[in-house]
Amino acid sequence: MGIVTLVSDWGTSDYYAAAVKGMIYKFYPEARIVDISHQIPPFDSAEAAYVLKNAYPSFPDGTVHIIGINTEESLKESHIVAYYDKQYFIGTDDGIFSLIFGGDPDSIYELDIPLESSSHTFSSRDRFAKAAAHIATGGKPEELGPKKSELIKKILFNPPINEDSLKGMVIHIDNYHNLITNINRSEFKKFISGSKFEISFRSQKYKASEIHDSYGDVRPGEIVALFTSNDLLEIAINRGKAASLLGIHKKDPILITRKVD
Amino acid sequence: MGIVTLVSDWGTSDYYAAAVKGMIYKFYPEARIVDISHQIPPFDSAEAAYVLKNAYPSFPDGTVHIIGINTEESLKESHIVAYYDKQYFIGTDDGIFSLIFGGDPDSIYELDIPLESSSHTFSSRDRFAKAAAHIATGGKPEELGPKKSELIKKILFNPPINEDSLKGMVIHIDNYHNLITNINRSEFKKFISGSKFEISFRSQKYKASEIHDSYGDVRPGEIVALFTSNDLLEIAINRGKAASLLGIHKKDPILITRKVD
Amino acid sequence: MGIVTLVSDWGTSDYYAAAVKGMIYKFYPEARIVDISHQIPPFDSAEAAYVLKNAYPSFPDGTVHIIGINTEESLKESHIVAYYDKQYFIGTDDGIFSLIFGGDPDSIYELDIPLESSSHTFSSRDRFAKAAAHIATGGKPEELGPKKSELIKKILFNPPINEDSLKGMVIHIDNYHNLITNINRSEFKKFISGSKFEISFRSQKYKASEIHDSYGDVRPGEIVALFTSNDLLEIAINRGKAASLLGIHKKDPILITRKVD
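Protein chains in written order, with the working numbering: chain A, 2 to 262; chain B, 2 to 262; chain C, 2 to 262.
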């Protein structure tokens, strides 16, 4: 009980993350605070959404997540708390929530808490920390502000499937330079439906025609395609750096084709 | 209760921060340990002071802060614990305390704790951790060593004000490349006292003549001047990187002039 | 009580560390989780061993350490928990345990816990977190799987000593660019046994002939040799960056010779 996580683009050289943590402890001395990451590239909501989307399911029910990116409120983009999949998410509704959730949240409330300081530039410290402490200590989200009916929707690019091919793209490059795509296991299976297949990337310069269970199924230095722990198709090089060695970047296309024998 | 924070130049690739945390837990298993930052540039006391000065006010009364930078003791520079603004600060008195505090601390004690190891190179682990645990568990600072009457003073460069201008400088560049200056809100207000004004920087190549409330008050890519959550004048580019785009560095001057209509 | 630490090559930009922490909290909500480091260079078991070897002795008895590097299981390299020096170590037995421990562990058990997901690529989240929570909450390691009699052994390069010289090497470069060698205090003392000596490095371009107690014993910018808090010979430049200034890299040789008067 009482876990509060933080994901942000604040970096770790500044006082920003510490100030938010201090404020959470002020309102809730028994909090367990977890840094998801503060290394999200500045203003990159999609990257923050990717990281939180894949981290939150490991957390216990009732966990409260503070999303400290693009937090400036506007008439269109309000500060909210959303309850989804038995966890709470606090942030600015610029569409990021729709990228994290697989469907509609159970409830959404706008945050009506007065800011603690005269400045508008640090909502995570001056508003979100208080809201998170409120909820993590058992307070009700409806006490934080008026109900809201809908989230702003951002659409993730879904891989288009036609008769002959499934066209995905690289949506994330991890610390090992592994390439994570937006093609999930079930879509992939449905598309190939038992046929032989070819995964090609970098304008067909590189290919893979097998899905492995683990990196070690191929020799060090060889390309391996597998499904990650979050069920997305990943292209890696066993003990190597696929992104830099193959010259592939975020948003580069990955093409799946069925092979006729 | 029982929060201990760490600020240091140890980085996060080594065992240094972990060893200090382990030692705190050894003496005080229920501690709540918070990393303020371990990314202070090596030996940069002023930067550590800036970060801690802006982080500590968010923490609850009684929090203990370990300052793990330039920790080598000498005859002139002793290990101390200072009580200021209802919080405790442990470190080496090389002047850094005077940069963090806005005035004199309520009390100062030298640390008389024997070092845990034969080495003199890791005081944070071998002395500060024990002192922090002592205080965080309710022990009295006077039990740690003899009373000291005064801190070593380092003077922060205060912006000189003359009849026509207020001359400040950039004291910090944050993760977004925003420029934080040493001009605070009240000095600024007093100087301009209702007149129109011009903020110029980079030898007057760039100017601003308005103070905004939030980054979003200007269009993306435009320069915005505002007061930060710590009440210092900040120059930023909305959704852009001011420091690198404008070619401005730490210690560069910022000039405020009053405009005659 | 109930401390679980993490050392890994996951970096801090991704969801990996957070997912493991969330999973530990799921099984053990009262856990105290400490990041040792997530900045180990990818796949570098020796570096992970160095960091953990020097961090773990500061932790209380009963601490559980998760080693999240090279975690892919194979027939030869199994997932284990080892009990050594009153602490628990969970990881993949590819030899890393032998680099951390100074001798044989008191007990070793293979982890027989079914993986939580169908993927084989995230054992730290899907197996180690559960094992760590089991032990940190007082569960017995023998309940986790069958006893194992021996670890895979990797041998650290020990500095060869002959009549005239002791040949060591740089095994680690820290955040200050200090050079940490594999020559420990007792070997050094035994070899020089009261004689004068010379420590030379970079093909004898640089020399030191004294061991100091602290960096400040020499003037800023000067080379200083001392024994670190982990009792290894270190070459540093007071307030400077030895590795980059002297052009010395990891694995470069350090030669100790006795001087005849």
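Just so you know, the hints here were simulated from the structure itself, not pulled from any lab data. The model shown is predicted, which means the values in this text are computed figures rather than measured ones. Treat the hints with care, as some may be off.
Put simply, identical chains are the same to the list, so a pair is met inside one copy or across any two.
What the hints assert, rightly or not - Capping the alpha-carbon separation at 27 Å, the derived lysine-lysine pairs in DSSO-like fashion look like this:
id, residue 1, residue 2
1, K155, K27
2, K252, K242
3, K141, K27
4, K260, K190
5, K77, K190
6, K87, K148
7, K131, K54
8, K87, K131
9, K206, K54
10, K206, K141
11, K251, K168
12, K77, K242
13, K87, K27
14, K149, K168
Going through the hints against the structure:
| no. | hint | result |
| --- | --- | --- |
| 1 | K155 <-> K27 | neither (35 Å within a copy, 31 Å between copies) |
| 2 | K252 <-> K242 | both (17 Å within a copy, 23 Å between copies) |
| 3 | K141 <-> K27 | both (19 Å within a copy, 22 Å between copies) |
| 4 | K260 <-> K190 | within (14 Å within a copy, 69 Å between copies) |
| 5 | K77 <-> K190 | neither (40 Å within a copy, 32 Å between copies) |
| 6 | K87 <-> K148 | within (18 Å within a copy, 39 Å between copies) |
| 7 | K131 <-> K54 | both (23 Å within a copy, 21 Å between copies) |
| 8 | K87 <-> K131 | both (20 Å within a copy, 21 Å between copies) |
| 9 | K206 <-> K54 | neither (32 Å within a copy, 44 Å between copies) |
| 10 | K206 <-> K141 | neither (55 Å within a copy, 52 Å between copies) |
| 11 | K251 <-> K168 | within (15 Å within a copy, 44 Å between copies) |
| 12 | K77 <-> K242 | between (42 Å within a copy, 25 Å between copies) |
| 13 | K87 <-> K27 | both (25 Å within a copy, 13 Å between copies) |
| 14 | K149 <-> K168 | neither (36 Å within a copy, 48 Å between copies) |
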